[in-house]
Amino acid sequence: MNTTTTTTHYPAMTTAEPIETRTLCVLVDNEPGVLARVIGLFAGRGYNIDSLTVSETEHEKHLSRITIVTRGTAMVLEQIKNQLDRLVPVHRVVDLSSGGPAIARELAMVKVRGTGDHRMEALRLADAFRARVIDATTEHFVFEITGASDKIESFINLMLPVGLVEVSRTGVVAIARGPEGM
Amino acid sequence: MSEMTGAEMVIAALADQGVEYIFGYPGGAVLPIYDALFQQNKVQHILVRHEQGAVHAAEGYARSTGKVGAVLVTSGPGATNAVTGLTDALCDSVPIVAITGQVPTHLIGNDAFQECDTVGITRPCTKYNYLVKSVADLPHVLHEAFHIAASGRPGPVVVDIPKDIQFAKGRYFKPTEFHHRGYRPKLKGDADKIKRAVEMMAAAKRPVFYTGGGVINSGRRACDLLRELVKLTGFPITSTLMGLGAFPAADPQWLGMLGMHGTWEANWAMHDCDVMIAVGSRFDDRITGRLDAFSPGSKKIHIDIDPSSINKNVKVDLPIVGDCAHVLEDLLQAWHHSGAKPDKKALETWWAQIGKWRAKKSLAYRNSNEIIKPQYAIQRLYELTKDRDTYITTEVGQHQMWAAQFYHFQEPTRWMTSGGLGTMGYGLPSSVGVQLAHPDSLVIDIAGEASVLMTMQEMSTAVQYDLPIKIFVINNQYMGMVRQWQELLHGGRYSHSYTEALPDFVKLAEAYHAHGIRCEHPGELDDKIREMIEVNKPVIFDCVVDPAENCFPMIPSGRAHNEMLLGDATTRVEDAVTEKGKMLV
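Taken in order, these protein sequences are the chains called G and X. Residues 201 to 382 (my numbering) are what the first sequence spells out, left to right. Residues 99 to 683 (my numbering) are what the second sequence spells out, left to right.
Mixed in with the good hints, there may be bad ones.
Within a straight-line C-alpha distance of at most 35 Å, the following computed DSBU-like cross-link-like pairs (lysine-lysine) qualify [unchecked claim]:
id, chain 1, residue 1, chain 2, residue 2
1, X, Lys291, G, Lys281
2, X, Lys635, G, Lys281
3, X, Lys284, X, Lys231
4, G, Lys261, X, Lys329
5, X, Lys286, G, Lys281
6, X, Lys458, X, Lys165
7, G, Lys261, X, Lys267
8, X, Lys293, X, Lys272
9, X, Lys471, X, Lys484
10, X, Lys329, X, Lys291
11, X, Lys293, X, Lys140
12, X, Lys165, G, Lys261
The hints are simulated quantities; they were obtained by calculation from the structure and are not laboratory data.
Whenever a hint applies, use it, and build me the whole structure from the sequences.
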C-alpha cells in the first residue's frame with residue numbers, strides 16, 4: 201500500500217494477446233433494422249470491421265447472410281461471436297477461419313484513364329490478373345476483377361502509375377470449404 | 099373472431115399477458131390506446147409524472163414480483179425520457195415491455211411534431227425492439243415482446259406503434275409460437291460440464307460461491323437450490339450488489355457483499371480461493387477490481403444463461419451456459435449421484451482463515467452521540483423493520499452502499515437497486531411499483547438527498563394512488579460518493595458536489611400532501627423511524643447525517659481485492675490510488 205502515486209501504471213488490458221483476423225458468417229432474419237443492429241453492436245462495443253457484405257441468400261425464408269472480417273484478441277473475438285449470437289434476429293454465427301482457411305473473394309471495379317503506352321500497360325497487367333474490361337473509351341478502361349483481397353490490392357497498386365481514377369469494391373464474401381453447409 | 103382496433107389489441111394483449119398495472123403518461127401519439135384504456139377495467143393505468151419514473155416503477159414492480167413490468171408512453175419526448183429507464187433495465191436484466199406511440203406511418207421520417215427515431219434511439223438500450231407497420235403484425239409482436247422480455251436473460255423490449263396502426267382494424271389472436279427461430283435461450287447446462295464442476299468442487303480446498311442477480315432473476319427455486327448446495331458443501335458464499343437476498347445474510351456461511359465496497363472477508367476469500375463458483379454473476383469491474391490481480395490462483399466455474407457474459411472480463415476454466423435453476427438442480431443431482439464429499443479438513447482450515455479476516459470487522463465505524471452516522475441510521479432502520487414484511491429500494495451513491503452493507507436481506511426480491519447503470523433517481527419511482535405490487539408491505543426507499551431530487555415529482559404519483567412509500571433520505575448535503583472520491587482522489591477539491599439550496603424536505607412532503615419528518619439527533623432516531631412506519635401515507639424522512647462520513651471498505655480504482663482500504667486507513671487512500679487508477683471511475 202506504500203507505492204507512490206505516479207510510478208505504478210496498470211496496463212489497460214491484462215494480457216498482450218496477439219491480434220487475429222477472422223471472417224465471420226452471420227445468418228440473420230432479413231427484417232428492417234437488422235444490419236443497424238449488427239453494425240451498432242460493433243460500433244457500440246468498439247469492435248473492428250475490416251469488411252462487411254450483406255445480401256439476402258434464402259428468399260423464401262427471408263434470410264440474409266452477412267460476412268464480416270474483423271480483428272481482435274481471442275477473447276474479444278469470442279465476445280464478438282457471443283454478442284452477435286445474442287441478437288434476437290441472428291440465427292447463426294460461424295467463424296469461417298476456425299476450420300482452416302475459408303474461401304474468400306472480393307469483386308472490384310477499377311477505372312483507369314490514359315493513352316498510349318500507359319493504356320497498353322494497363323491492358324497487359326489486366327490480362328495477367330485475369331481482369332475483364334467491362335467499359336472502355338479511347339481514354340479509359342473499367343476493369344472487373346475477382347479474387348482474394350490481397351490480389352485485388354496488388355492489382356490496384358499496379359494501376360496507380362498507369363492512371364488509376366477510382367475503385368469500387370464489394371468487400372469480402374466467404375464460404376467454408378468441403379461439402380457441409382453452415 | 100371479431101375485428102378490433104390496434105389500440106384495443108394492445109389492451110387485449112396486456113390483459114392476456116396478465117398485466118395488472120401499466121405505468122405511463124399520455125400524449126398525442128398514444129391517444130387511441132388511452133381511449134381504449136378508458137373503456138375497460140382489466141388493466142389499471144398508473145399515471146406517473148415523468149416517463150423515466152414510469153420505467154423505474156415498472157422495474158420495481160417486475161423485480162419484486164418476477165413478472166414483466168409494462169410501460170406506456172407517447173412518441174418523441176415520451177420515448178426519449180424513457181431511455182434512462184430502459185438502459186437501467188437492460189443493465190440489470192429487468193423484464194420490461196414498453197409501448198411507445200409513434201407519429202402516423204406516412205409521417206415517419208418527415209420530422210413531424212413529437213417524432214423521434216424511437217427504434218433507432220432504443221436499439222442499443224433494449225434487448226429487442228419493434229416498429230409495427232401493419233396492424234396484422236401487432237398481436238404477434240405484442241406477445242412476442244413479452245416472451246423475449248421475460249425469457250433467457252431478461253431485458254426491456256420496446257414496441258413502437260404509429261398512431262394510424264392504433265386506429266386500424268384487424269383480427270386479434272394470441273400466438274403460441276414465435277417466428278424468431280434464432281432466439282432460443284439455452285436453459286439446461288451440459289451434463290459433462292456439470293460433472294466436471296462436481297469434481298472441481300469436491301477437490302476444492304479453498305472454495306467460494308460468488309453469486310449475482312442471475313440467481314434472483316432465475317426465480318425462487320434457483321435461490322432455494324443455491325441454499326441447498328451451499329449447505330451441502332459447507333462452502334462460504336458472497337454475493338454481488340444485485341445478488342443480495344438469494345442467500346440469507348443471517349447465515350454463518352455468508353461472507354457479506356463483495357466488490358468495491360464489499361467486506362474484507364468476502365474480497366479476501368475471492369482473492370485467495372482455489373475454486374470459484376460464479377453463479378449468475380458477470381465479473382463486473384466493480385467486482386473484479388484490477389483484472390490481472392483478480393483471484394490469481396483459482397480455477398473458475400461460471401454458470402450463466404448469457405454466453406456473452408462468459409469470458410468477457412475474466413477467462414474462466416469451466417463455463418456452463420444455462421439457467422441457474424436448471425444448472426443448480428442438475429449440479430445437486432450430480433453431486434448426490436457421484437457421492438462427492440467436500441474436503442472437510444481443508445474446509446476447516448479455510449474457515450479458520452476466513453474467521454481471521456472476519457475479525458477485522460471491516461464494516462466498523464466510529465459512532466457518535468452528537469451527530470447521526472449514516473451507517474447507524476441504516477442499522478436502526480434495519481433493526482426496527484427486520485421483523486416486518488419489508489421491501490427496500492435505493493437511489494445511487496454512498497447511501498446505496500451503506501444500505502447494501504447494513505441492511506441484511508434474508509430473502510430474494512426484497513432489494514431493488516440500480517446496480518449496472520447506477521441511476522440516481524431510481525429508488526423513489528421504483529418504490530411506487532413495489533408498493534403497488536405489495537400493497538400491505540412496508541416499502542422503504544433508502545435515498546440520498548441529491549438522488550431523490552432527480553425524480554422527486556413521483557411523490558405526487560404515490561399520493562394520488564395512496565401508496566404509503568417511505569422515503570428515508572440520508573441527507574449529508576453532498577453528492578456523497580462524488581464528494582468521497584474528490585476527497586480521496588482529487589485533493590479535497592469539492593467541485594460542485596455540494597448542494598447549496600436544498601429544499602426543506604418536511605415542507606416539501608407537506609406540499610405533496612405527504613408526511614414529513616426531520617431527524618437530526620441520534621437519540622431521537624428510533625422514535626422517528628417508528629413514527630415513519632406507523633403513518634399510513636407516503637413519508638419523506640429527512641435524516642440529517644454526518645456530511646463528512648466516507649464509505650469503507652473500499653477497493654480503490656485499479657487496485658486488487660487484497661489491496662482494499664479500511665476506514666482507519668483514510669489518510670493513506672491518496673497514496674493508494676495510482677494516476678492510472680484515477681482514470682477509472
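Here's how the hints hold up against the structure:
no.: 1; hint: X/Lys291 with G/Lys281; verdict: 21 Å, holds
no.: 2; hint: X/Lys635 with G/Lys281; verdict: 51 Å, violated
no.: 3; hint: X/Lys284 with X/Lys231; verdict: 31 Å, holds
no.: 4; hint: G/Lys261 with X/Lys329; verdict: 51 Å, violated
no.: 5; hint: X/Lys286 with G/Lys281; verdict: 21 Å, holds
no.: 6; hint: X/Lys458 with X/Lys165; verdict: 41 Å, violated
no.: 7; hint: G/Lys261 with X/Lys267; verdict: 28 Å, holds
no.: 8; hint: X/Lys293 with X/Lys272; verdict: 41 Å, violated
no.: 9; hint: X/Lys471 with X/Lys484; verdict: 20 Å, holds
no.: 10; hint: X/Lys329 with X/Lys291; verdict: 22 Å, holds
no.: 11; hint: X/Lys293 with X/Lys140; verdict: 48 Å, violated
no.: 12; hint: X/Lys165 with G/Lys261; verdict: 33 Å, holds
The structure shown violates the earlier hints numbered 2, 4, 6, 8 and 11.
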